[in-house]
Amino acid sequence: MLSSISPDQVRAEIQRFWQIMCGNSPDKLEDLYSPSALVVTGKARKPEPANLALARRARQTGKDSFAELGAVEVQIEGPDVAIASYTYKFHQTRPGESGGLQKRHTLFGRATQIFKLEPGGALRIVHEHLSAATNPEVEKAHGA
Amino acid sequence: MTFLANTAASKEAISSEQVRRAVQEFWDAFTHQSKNQFQEMYSPTAVCFAADGRRSEAARLMWVRREREFFGPKSSVGAKLGPVSVQILAPNLAAASYAFHFSIVRILPNRSRAEIEVPFGRATQVFQRAESGGLLIIHEHLSSAEPVTSKELPAEDSPR
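Heads up: the sequence lines are chains S and Y, in that order. Numbering (numbering that gives the first Met the number 0) for the first sequence: 0 to 143. Numbering (numbering that gives the first Met the number 0) for the second sequence: 0 to 159.
Next comes chain Y alone, as it looks inside the complex (with noise of 0.2 Å):
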């Protein structure tokens, strides 16, 4: 019974509104740091474009960077996004565009912490249907318009 409802949710066509629920999903899951429902809104070979990565990144890599960074205990992230364009590429594929201003507590490679403010973020989001039914992030690519201001946080456990 449950095969043929996934089988008959994976032929269904995306719709703008289906899209949009999932960027929204995938903001509430790196905002709650849901680490897992963070990994499965994607494709573990999806390519990904961090705000500050000089190249893309296979999403598994990006999973482990992006749990030692914002999904620990000292971390934080917050976001509010604009409004949300799409696109419907194909029956089972579509891109959503939006700006959203991003404000993070994020733990640095030396293991410092740093306060991270993008107020003029961009994303670019192609998601493509699952055998499943569900949506999966097949490709993403996260800019900043403008300089992103960083101020280093006391290390909270160092001595007062």
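Isolated chain S, as found in the complex (with noise of 0.2 Å):
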């Protein structure tokens, strides 16, 4: 099958994802995503559209954070469409429920990020599935 996306591409939109959830990039989460995008993340109950989930993630993206990828598998699903699929850690420093700041540690961290690419040549994502094995680790941030 003839197929226009390559894994490598793929991995580089991951590793763009995680440099601006990381703060270490000064482009945007919703460049990387479909307006029809859908995401499922964090404690959201059901699926939803991504523009709500990034909403939600932008107030808790900071310089203080930082992740650690497992092995990046992806299943190329004909000219336009790719699955990845791979495991995460991620430590950061957000607000917690209490205002104060948290350090929170995502150490079973799963995703599925479905891309696909678009007319014009870019790569995007459509539906997207973060999760985690087990609750993550809570600690009071220094100076909160």
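Don't take every hint at face value.
[Stated by the list, open to error] Only pairs whose alpha carbons sit at most 30 Å apart, straight line, appear in this in silico BS3-like list of lysine-lysine:
hint, chain 1, residue 1, chain 2, residue 2
1, Y, Lys10, S, Lys102
2, Y, Lys34, Y, Lys10
3, Y, Lys150, S, Lys45
4, Y, Lys10, S, Lys42
5, Y, Lys34, Y, Lys150
6, S, Lys42, S, Lys139
7, S, Lys88, Y, Lys150
8, S, Lys102, S, Lys88
9, S, Lys102, Y, Lys73
10, S, Lys45, S, Lys102
11, S, Lys45, S, Lys27
12, S, Lys42, Y, Lys79
13, S, Lys27, S, Lys102
14, Y, Lys34, Y, Lys73
15, Y, Lys79, Y, Lys34
16, Y, Lys150, Y, Lys73
17, S, Lys42, S, Lys88
18, Y, Lys79, Y, Lys150
[Stated by the list, open to error] Computed from the model, here is a short list of chain Y residues facing chain S with C-beta under 8 Å:
hint, residue
19, Asp51
20, Arg59
21, Ser96
22, His100
23, Phe119
24, Ser131
25, Leu135
26, His138
27, His140
28, Ser142
To be clear, the hints were calculated from the coordinates, so they are not data collected in a lab. Virtual Cβ for every residue (Gly too), placed ideally from N, Cα, C.
Using the hints, build the complex out of the two chains.
This is the structure:
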């Protein structure tokens, strides 16, 4: 089957995604998504449009965050669709429910991201499911 | 004749209604503990994240574990599904995502039984049309929005 998407292209987009999540890139998270993308993430109880999830996520990204990714498996399904799956650890400092800063450590994160090649050549996320096999470890941040 | 019918079916574009029907068939097979029907829903090489799995596993490995945990006479599976969103990704490919409430009695690795409630389960399942015309799961991601409650049950064959 002919394919226009390469696994390396998908892996590069995933790196870009996590660079933004960690506050290490001036790019915007919403530029990575199709306007019709659906996202399952965090404590959301059902799939939701990406713009809602991203508005929430924007409040949670910060310079004090870092991520470690496991091996990224890429299923190329046709000329313009790829499914990426991988595990990750994500360490972030963000406001807790009481307002103070918390350090959150997601140790067993799992990610599914479905990419579609747009007619203009851009690769965009059309579906994302981020979850964790165990609850994140939470500690109070110094200076909070 | 059958071959011609299958060939035509394998070229037919996937519809949202077919995907919703496949999701329902999946849960019917799971809750009725129909092992063969359940396995036939997956491509053997499908990549699957279980709700509590720390990494993905191939469907053929997942079958062995689920058979032990969920398909025995002392296990039970119940599920209620929320509305199913369908995204058509290509003529032969679609993603379904939905919320579900999952109630199970599961056999643990130490052979004891546990009653587990997953009130806020979330599922992503990617379906591909097979050569036979049926829809196969090629990727699955199950998770829970809230911590899962688990209660160990007394072993049925323990002395009273």
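Going through the hints against the structure:
This hinted pair does not check out: lysine 10 (chain Y) and lysine 102 (chain S) have alpha carbons roughly 51 Å apart, beyond 30 Å. Between lysine 34 (chain Y) and lysine 10 (chain Y) the alpha-carbon distance is near 28 Å, which keeps this suggested pair within the 30 Å criterion. As the CA atoms of lysine 150 (chain Y) and lysine 45 (chain S) are separated by approximately 25 Å, the hinted pair is consistent with the 30 Å bound. Restraint check: the Cα-Cα separation between lysine 10 (chain Y) and lysine 42 (chain S) comes to about 39 Å, which exceeds 30 Å; the hinted pair is violated.
Among the hinted pairs, lysine 34 (chain Y) with lysine 150 (chain Y) is consistent with the structure: their alpha-carbon atoms are about 25 Å apart, no more than 30 Å. At roughly 20 Å between alpha-carbon atoms, lysine 42 (chain S) and lysine 139 (chain S) fall within 30 Å of each other, so this suggested pair holds. Taking the CA atoms of lysine 88 (chain S) and lysine 150 (chain Y), the gap is near 29 Å; set against the 30 Å cutoff, the hint holds. Of the pairs offered as hints, the one joining lysine 102 (chain S) and lysine 88 (chain S) holds, with about 13 Å between alpha carbons and a cut-off of 30 Å not exceeded.
Distance restraint check for lysine 102 (chain S) and lysine 73 (chain Y): the Cα-Cα separation of roughly 42 Å exceeds the 30 Å cut-off, and the hinted pair is therefore not satisfied. Annotation: proposed proximity of lysine 45 (chain S) to lysine 102 (chain S) holds, straight-line Cα distance about 26 Å (limit 30 Å). For the hint pairing lysine 45 (chain S) with lysine 27 (chain S), the CA-to-CA distance comes to about 24 Å; that is within 30 Å, so the pair holds. Proposed proximity of lysine 42 (chain S) and lysine 79 (chain Y) is supported: the alpha carbons are some 19 Å apart, at most 30 Å.
At roughly 23 Å between alpha-carbon atoms, lysine 27 (chain S) and lysine 102 (chain S) fall within 30 Å of each other, so this suggested pair holds. Under the criterion of a C-alpha separation no larger than 30 Å, the hint pairing lysine 34 (chain Y) with lysine 73 (chain Y) is consistent with the structure, at around 15 Å. Among the hinted pairs, lysine 79 (chain Y) with lysine 34 (chain Y) is consistent with the structure: their alpha-carbon atoms are about 20 Å apart, no more than 30 Å. Proximity of lysine 150 (chain Y) to lysine 73 (chain Y) is assessed by CA-CA distance (about 15 Å); at most 30 Å being required, the pair is judged to hold.
For the proposed pair lysine 42 (chain S) and lysine 88 (chain S), the alpha carbon gap of about 17 Å is at most 30 Å, so the pair holds. Of the supplied pair hints, the one linking lysine 79 (chain Y) and lysine 150 (chain Y) holds, its CA atoms being roughly 20 Å apart against a limit of 30 Å. Among the interface hints, the one on aspartate 51 (chain Y) holds; its C-beta lies about 6 Å from the nearest C-beta in chain S, closer than the 8 Å criterion. Interface hint at arginine 59 (chain Y): violated, since its Cβ lies 16 Å from the closest Cβ of chain S, which is beyond the 8 Å cut-off.
At a threshold of 8 Å, the smallest CB-CB gap from serine 96 (chain Y) to chain S is about 4 Å, leaving the interface hint in force. Restraint check, histidine 100 (chain Y) versus chain S: the minimum CB separation of about 10 Å is more than 8 Å; hint violated. For the restraint placing phenylalanine 119 (chain Y) at the interface with chain S, the shortest Cβ-Cβ distance is roughly 5 Å, inside the 8 Å limit, so the hint holds. This hint is violated: serine 131 (chain Y) has a C-beta 18 Å from the nearest C-beta of chain S, more than the 8 Å allowed.
Interface hint status for leucine 135 (chain Y): violated, as the beta-carbon distance to the closest one in chain S is roughly 12 Å, over 8 Å. Because the beta carbon of histidine 138 (chain Y) sits about 5 Å from the nearest beta carbon in chain S, less than 8 Å, this interface hint is met. Taking 8 Å as the C-beta cut-off, the interface hint given for histidine 140 (chain Y) holds, the closest approach to chain S being about 4 Å. With 8 Å as the threshold, the beta carbon of serine 142 (chain Y) comes within range of chain S, its nearest partner Cβ sitting at about 3 Å, so the hint holds.
The structure fails hints 1, 4, 9, 20, 22, 24, 25 (numbered hints given earlier, in ascending order).
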